[in-house]
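So the sequences go chain by chain: A and B. Just so we're aligned, residue 1 is where the first sequence starts under our numbering, counting upward by one. Just so we're aligned, residue 117 is where the second sequence starts under our numbering, counting upward by one.
Mixed in with the good hints there might be a few duds.
[What the hints assert, rightly or not] Calculated Cβ distances over 12 Å to all of chain A for the following chain B residues:
| hint | residue |
| --- | --- |
| 1 | Trp140 |
| 2 | Arg144 |
| 3 | Ala145 |
| 4 | Thr155 |
| 5 | Arg171 |
| 6 | Ala172 |
| 7 | Val219 |
| 8 | Val220 |
| 9 | Arg221 |
| 10 | Met222 |
| 11 | Gly223 |
| 12 | Gly224 |
| 13 | Val227 |
| 14 | Asp229 |
| 15 | Ala231 |
| 16 | Asn236 |
[Stated by the list, open to error] For lysine to any residue, the following SDA-like pairs were computed, each having C-alpha atoms within a straight-line distance of at most 20 Å:
| hint | chain 1 | residue 1 | chain 2 | residue 2 |
| --- | --- | --- | --- | --- |
| 17 | B | Lys188 | A | Leu48 |
| 18 | B | Lys188 | A | Phe13 |
| 19 | B | Lys216 | A | Phe35 |
| 20 | B | Lys216 | A | Phe22 |
| 21 | B | Lys188 | A | Leu29 |
| 22 | A | Lys87 | B | Met135 |
| 23 | B | Lys188 | A | Trp39 |
| 24 | A | Lys87 | B | Arg133 |
| 25 | B | Lys216 | A | Thr15 |
| 26 | B | Lys188 | A | Leu37 |
| 27 | B | Lys216 | A | Pro7 |
| 28 | B | Lys216 | A | Thr18 |
| 29 | B | Lys188 | A | Leu33 |
| 30 | A | Lys87 | B | Trp140 |
| 31 | B | Lys188 | A | Ala34 |
| 32 | B | Lys216 | B | Phe148 |
| 33 | A | Lys87 | B | Trp139 |
| 34 | A | Lys87 | B | Glu153 |
| 35 | A | Lys87 | B | Ser136 |
| 36 | A | Lys87 | B | Ile154 |
| 37 | B | Lys188 | A | Val91 |
| 38 | B | Lys188 | A | Leu30 |
| 39 | A | Lys87 | B | Phe149 |
| 40 | B | Lys188 | A | Tyr45 |
No lab work stands behind these hints, which were simulated from the structure alone. Each residue gets a CB set at the ideal place from its N, CA and C atoms; glycine is no exception.
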Amino acid sequence: MLKRITPLLWLLFSTGGTVAAFFLPIHLLLTGLAFPLGWLEAPRYESLHRLLMHPVTRLYLFVLVSLPLFHWAHRFRYTLYDGLQLKHLTVLIAVLCYGTALAGTAVAAYLLWNIP
Amino acid sequence: MSADPHYTLYHPRWYRRRMSVWWWLHNRAYAFFVLREITSVFVAFTALLYLWQIRALIQGPQAYERFLARLKTPLFLTLDTVAFLFVLFHAITWFNLTPKAMVVRMGGTRVPDWAIIGVNYAAWIVLSGAVAFALLRG
Numbered sequence: 001m002l003k004r005i006t007p008l009l010w011l012l013f014s015t016g017g018t019v020a021a022f023f024l025p026i027h028l029l030l031t032g033l034a035f036p037l038g039w040l041e042a043p044r045y046e047s048l049h050r051l052l053m054h055p056v057t058r059l060y061l062f063v064l065v066s067l068p069l070f071h072w073a074h075r076f077r078y079t080l081y082d083g084l085q086l087k088h089l090t091v092l093i094a095v096l097c098y099g100t101a102l103a104g105t106a107v108a109a110y111l112l113w114n115i116p
Numbered sequence: 117m118s119a120d121p122h123y124t125l126y127h128p129r130w131y132r133r134r135m136s137v138w139w140w141l142h143n144r145a146y147a148f149f150v151l152r153e154i155t156s157v158f159v160a161f162t163a164l165l166y167l168w169q170i171r172a173l174i175q176g177p178q179a180y181e182r183f184l185a186r187l188k189t190p191l192f193l194t195l196d197t198v199a200f201l202f203v204l205f206h207a208i209t210w211f212n213l214t215p216k217a218m219v220v221r222m223g224g225t226r227v228p229d230w231a232i233i234g235v236n237y238a239a240w241i242v243l244s245g246a247v248a249f250a251l252l253r254g
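Bound conformation, chain A alone:
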């Protein structure tokens, strides 16, 4: 099973890595540093909520959360194998990593789908 879907997992890894590389630095710079430190004024609730109402924003946010999580799952899985030499736990590690990514994706889909 794991062998059969390996090409798909690599595809998710690389698209997720690309999405993460293009979009996460600016988001983290603004939301994590510029707004809390007062370099820039944080967007008001109303404007962000209005943005969130737009279907394109929701699709964007879904991709922004889901694909990088799969990128993490795949890379972290091999980090655990090579770094900590846990080759004998292959199945357990794979289930935990991809399971977490799937769970995050499900939560993102649920939240974004059910916005009133």
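We have chain A already, so just place chain B on it with the hints.
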């Protein structure tokens, strides 16, 4: 190695020396490699931070205020600074590796590596600008 080795047809008996878990600290290139691998943890952290923000926005203005206040705590400022550096490191190493993963040919000749990398950095700047514009416009 596990106590029960899996023998395979052409490697009936493998002898492998035990390696330290810290094998990657002995060489700068290995340390760089492991550091790059670890960026994935901060990529996941950022994705979850966004999931949290989406939830706060859906719950209402008070939840959003709480979210903003939480981000101002030293814990999150530290986490976000470290995460930002790692995500930046991920982006730079990722773009620099693109020509190795993707060979582009135009008119029979191979597009040089610097051109592919350059297009990536240009797109990065444009996309970051678009995100900043969308967030700051309101």
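Hint consistency between Lys216(B) and Pro7(A) [alpha-carbon to alpha-carbon, up to 20 Å]: Holds, because 18 Å separates the two Cα atoms, which is no more than 20 Å.
20 Å Cα cutoff - pair Lys188(B), Tyr45(A): With Cα atoms ~17 Å apart, Lys188(B) and Tyr45(A) stay inside 20 Å; holds.
Holds or violated: Lys188(B) to Leu33(A), with C-alpha atoms at most 20 Å apart: Since the Cα atoms of Lys188(B) and Leu33(A) sit roughly 9 Å apart, the hinted pair holds (cutoff 20 Å).
20 Å limit on alpha-carbon distance, applied to hinted pair Lys216(B) and Thr15(A): Holds, because 15 Å separates the two Cα atoms, which is no more than 20 Å.
Distance restraint between Lys188(B) and Leu30(A), which requires alpha-carbon spacing of 20 Å or less: 13 Å, holds
Holds or violated: Lys87(A) to Trp140(B), with C-alpha atoms at most 20 Å apart: Answer holds: Lys87(A) to Trp140(B) is near 17 Å, not above 20 Å.
Distance restraint between Lys87(A) and Met135(B), which requires alpha-carbon spacing of 20 Å or less: 13 Å, holds
Least C-beta distance from Val220(B) to chain A larger than 12 Å: Nearest chain A Cβ is 15 Å from Val220(B), so the label holds.
Reported absence of Gly224(B) from the contact zone with chain A (all CB gaps over 12 Å): Gly224(B) clear of chain A: closest Cβ-Cβ about 26 Å, beyond 12 Å.
Satisfaction of hint between Leu29(A) and Lys188(B), Cα-Cα up to 20 Å: 14 Å, holds
Pair hint Lys216(B) and Phe148(B), alpha-carbon separation not exceeding 20 Å: 18 Å, holds
No chain A beta carbon within 12 Å of Val227(B)'s: Non-interface label on Val227(B) holds, nearest chain A Cβ at 18 Å vs cutoff 12 Å.
In this structure, the hints that do not hold are numbers 1, 4, 5, 6, 16, 18, 19 and 37, in rising order.
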